[in-house]
Amino acid sequence: MYKIVRKESLNPTVTLMEIEAPLVARKAEPGQFIIFRATEDGERIPLTIAGYDREKGTVTIIFQIVGAGTEILNSLNVGESVHDFVGPLGNATETDGLKKVAVVGGGVGCAIAYPVAKKLHDIGCSVTSIVGFRNKDLIILEDEFRAASDNYILMTDDGSAGEKGVVTAPLEELIKNGEEFDEVIAIGPLIMMKFVVMTTKKYNVKTVVSMNPIMVDGTGMCGCCRLTVGGKTKFACVDGPDFDGFEVDFDEAMARGSIYKPFELKAREEACNMLKKEV
Amino acid sequence: MPNMRMDKNPMPSQDPNVRNKNFEEVALGYTEEQALDEAARCLNCPKHPCMDGCPVQISIPEFIQKIVEKDYEGAYQVINRSSSLPAVCGRVCPQERQCESKCVRGIKGEPVAIGRLERFVADWHNANVTAAPEKPEPNGHKCAVIGCGPSGLACASDLAKKGYAVTIYEALHTPGGVLAYGIPEFRLPKAIVQKEVDGLKALGVDIETNVVIGKSITVDELFDDFGYEAVFIGSGAGLPRFMNIPGENLNGVYSANEFLTRINLMKAFKEGSTTPIEHPKKAVIVGGGNVAMDAARSAKRLGADVTIVYRRSMEELPARKEEVEHAIEEGIVFKLLNNPIEVVGEDGRVKAVRCQEMELSEPDESGRRSPVPIEGKINEIEADCFIVSIGTSPNPLIKSTTDGLDTNNRGCLVADEDGATTREGVFAGGDAVTGAATVILAMGAGKKAAAAMDAYIQNK
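Keeping their order, the protein sequence lines are chains A and G.
According to numbering that gives the first Met the number 0, the first sequence holds residues 0 to 278 in order.
According to numbering that gives the first Met the number 0, the second sequence holds residues 0 to 459 in order.
Source of the hints: derived by calculation from the structure; they are not laboratory data.
For glycine and all other residues, C-beta sits at the position ideal for the given N, C-alpha and C.
It is possible that part of the hints are untrue.
Listed below are the simulated DSS-like cross-link pairs for lysine-lysine, each with C-alpha atoms no more than 25 Å apart in a straight line [what the hints assert, rightly or not]:
id, chain 1, residue 1, chain 2, residue 2
1, A, LYS275, G, LYS269
2, A, LYS231, G, LYS350
3, A, LYS265, G, LYS20
4, G, LYS280, G, LYS299
5, A, LYS260, G, LYS299
6, A, LYS260, G, LYS350
7, A, LYS265, G, LYS269
8, A, LYS260, G, LYS266
9, A, LYS260, G, LYS280
10, G, LYS398, A, LYS231
11, G, LYS200, G, LYS134
12, A, LYS26, G, LYS398
13, G, LYS141, A, LYS26
14, G, LYS269, A, LYS260
15, A, LYS2, G, LYS200
Quick list of simulated restraints, FRET-style, between CB atoms [said to hold, decoys possible]:
id, chain 1, residue 1, chain 2, residue 2, range
16, G, PHE241, A, ALA146, 42 to 52 Å
17, A, LYS205, G, SER399, 17 to 27 Å
18, A, PHE245, G, PRO135, 51 to 61 Å
19, A, PHE245, G, GLY139, 55 to 65 Å
20, A, GLY78, G, ASP51, 52 to 62 Å
21, G, LYS134, A, LYS275, 42 to 52 Å
22, A, GLY96, G, ASN243, 26 to 36 Å
23, G, SER399, A, THR38, 27 to 37 Å
Using the sequences and the accompanying hints, generate a full structural model.
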């Protein structure tokens, strides 16, 4: 059992939790993920590591409440425990030798983009962060991001904060104006990453994306998370989750991500009803 | 006087047309009367050839004589000297290729039903004996076991009996390895696996779930930071192979590992499960091993019409004969001498499986007849689900994070007869060394390695 030591609501649908998991905290690196099961009969769900404290032996996760599993996780409070919490899984984001990087984050993906930006910043890399949210109420980690960035560009779909528009607009603008990024790292919804790649491909700027397919075990034993990358089948849980964005088949990944949509809708409804009853 | 009837007592089982709609155990087990009648068929041969066929050399005539004497707990204790998982092995061992293949009664007539008797004894013990086993005197040494499957459980059990402090590290949230995620409930109820694991814990074995060795902790750290004196790797062969044919990433295509993990480990077959599974209408499974049979029979229980596609003929099917017979009784169709070449899709989903018809070539020098395509003979099977069950290989995670650990060209760890790897103090056994094999072979390897680890530590 893994004790929750901190819980904070970052916005109406996004929660931060700091969880006691010394073995995970010991080794965790930005870009890696964990798999949790909130309760004994819960589903295994992957979440990227948003932070860690090796001394305290804790790991921070930031999650959006999108379905039954995250709904149930969000119903747990400080002092209570998550039933299972395994990691760190997957490969850490490669940061060696990078001098100038654009980190592009979308929505809750910013929770994963932030530790990557911070690590790059810590090793002396120039970081341009371009983050996008639907509106001002959904913005997370603004202060943290600003502190880790040489240039912080905030976008909202409705213009209620920062600039109005999508993240690809300022990215393309910067590249056009002669910014020479060694690399662009994009983390967010599949559709956003796909559009980032479509943008950077035009200018041939290397782009790394953090993929988020459906997973079961997260250790390479089932292939549920497989993707086509450069024409080959890869398992995101062990070969990734980071991949060369130019090589990823995004349309296939989006189709695979929707396999259980009807089930998920029903499960969420049931979870909501169950949680309501408990109150 | 021995009972000289030629045939075995048949196993009471659920009716095929009932059981193919539920996940309850197919075989119901002998009654006391049937067990006594069957035990009386054993001649108690002085040379007991049956024991040579058992990978862990259970004292078979001895335990059967205890049954004859109605001393069922005594029979259990005889088995327990050699095997820590009798309720499991009595159910899933291919006895027809092991102990029962050597039984003298099998020369004229059917061999003694050793597996069914082992199961009877283990189930009797589990139902009637609640006293915890005596904890052995600690010997002051520490060993780590990686993987809580059959080889790790056997190794840990033997080390614990010798007084070692043993910790098993398991990557998943439930112990048991393939017993938990692979073999379905209808062949091996998970409550039985849990009971056997609880028995190990009572012996003092510590099981740490949710720890991925190679990620959470490396093998080097087990020695340097955690102070273990020897390490056993029983991490199995869990990496699924795909066919690398077009359409394999369409929705509705599963590896058998994923399909079975969702069903067995995550209980996705149960109403109200939080883990989803698709309920296919027409499922096609490729492969001919036990895993293919398990996947096919599971799909059937979810309500599908099921076809197994296999590139050779019935004789070459690597699955246990009993499993194939059960599959046929349950209404599973075998499409032999066919090999899938493409998964045909529509709107991102499986619609059909295109197969190449095959024929068997003349035997080569080794006597093996390999399947060759018959040109132009291609057919299509309508399907909304395609399950790939063409084998697994060892996960490279431990090898890639441990210096000095050699593997062969199939990714299997190199280990000698006793399980010693190329790295000092590191032992290995089971599927991680042999590639996918059987539960009892893995247990045998775990036992051998435990003896070698004991010798290694005592002579250090």
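State, for the Cβ atoms of LYS134 (chain G) and LYS275 (chain A), whether the hinted interval 42 to 52 Å holds or is violated. With a Cβ separation near 47 Å, LYS134 (chain G) and LYS275 (chain A) satisfy 42 to 52 Å, so the hint holds.
What's the verdict on LYS2 (chain A) and LYS200 (chain G), does the C-alpha distance respect the 25 Å limit or exceed it? holds (24 Å)
If you check the beta carbons of PHE241 (chain G) and ALA146 (chain A), does the distance land in 42 to 52 Å? 45 Å Cβ-Cβ, so the 42 to 52 Å window holds.
Need the status of pair LYS231 (chain A), LYS350 (chain G): alpha-carbon distance at most 25 Å? Distance ~22 Å between LYS231 (chain A) and LYS350 (chain G) Cα, so the pair holds.
Determine whether the Cβ-Cβ distance between GLY78 (chain A) and ASP51 (chain G) falls within the hinted range of 52 to 62 Å. holds (58 Å)
Would the pair LYS141 (chain G) and LYS26 (chain A) pass a check requiring their Cα atoms to be no farther apart than 25 Å? Given that 25 Å is the threshold and the Cα spacing comes to 23 Å, the pair holds.
Between LYS275 (chain A) and LYS269 (chain G), is the straight-line Cα distance small enough, at 25 Å or below? Holds, at about 23 Å.
Given hint LYS350 (chain G) paired with LYS260 (chain A) - CA-CA distance at most 25 Å: Measuring from Cα to Cα gives roughly 19 Å; hence the hint holds.
CB-CB spacing for PRO135 (chain G) and PHE245 (chain A) relative to the 51 to 61 Å hint: holds (59 Å)
Between LYS200 (chain G) and LYS134 (chain G), does the CA-CA distance stay at or below 25 Å? holds (10 Å)
Please work out if LYS269 (chain G) and LYS260 (chain A) have their alpha carbons no farther apart than 25 Å. Given pair LYS269 (chain G), LYS260 (chain A) holds - Cα atoms ~19 Å apart, limit 25 Å.
Looking only at beta-carbon atoms, does the pair LYS205 (chain A), SER399 (chain G) fall within the given range of 17 to 27 Å? holds (25 Å)
Violated hints are absent here; each numbered hint is respected by the structure.
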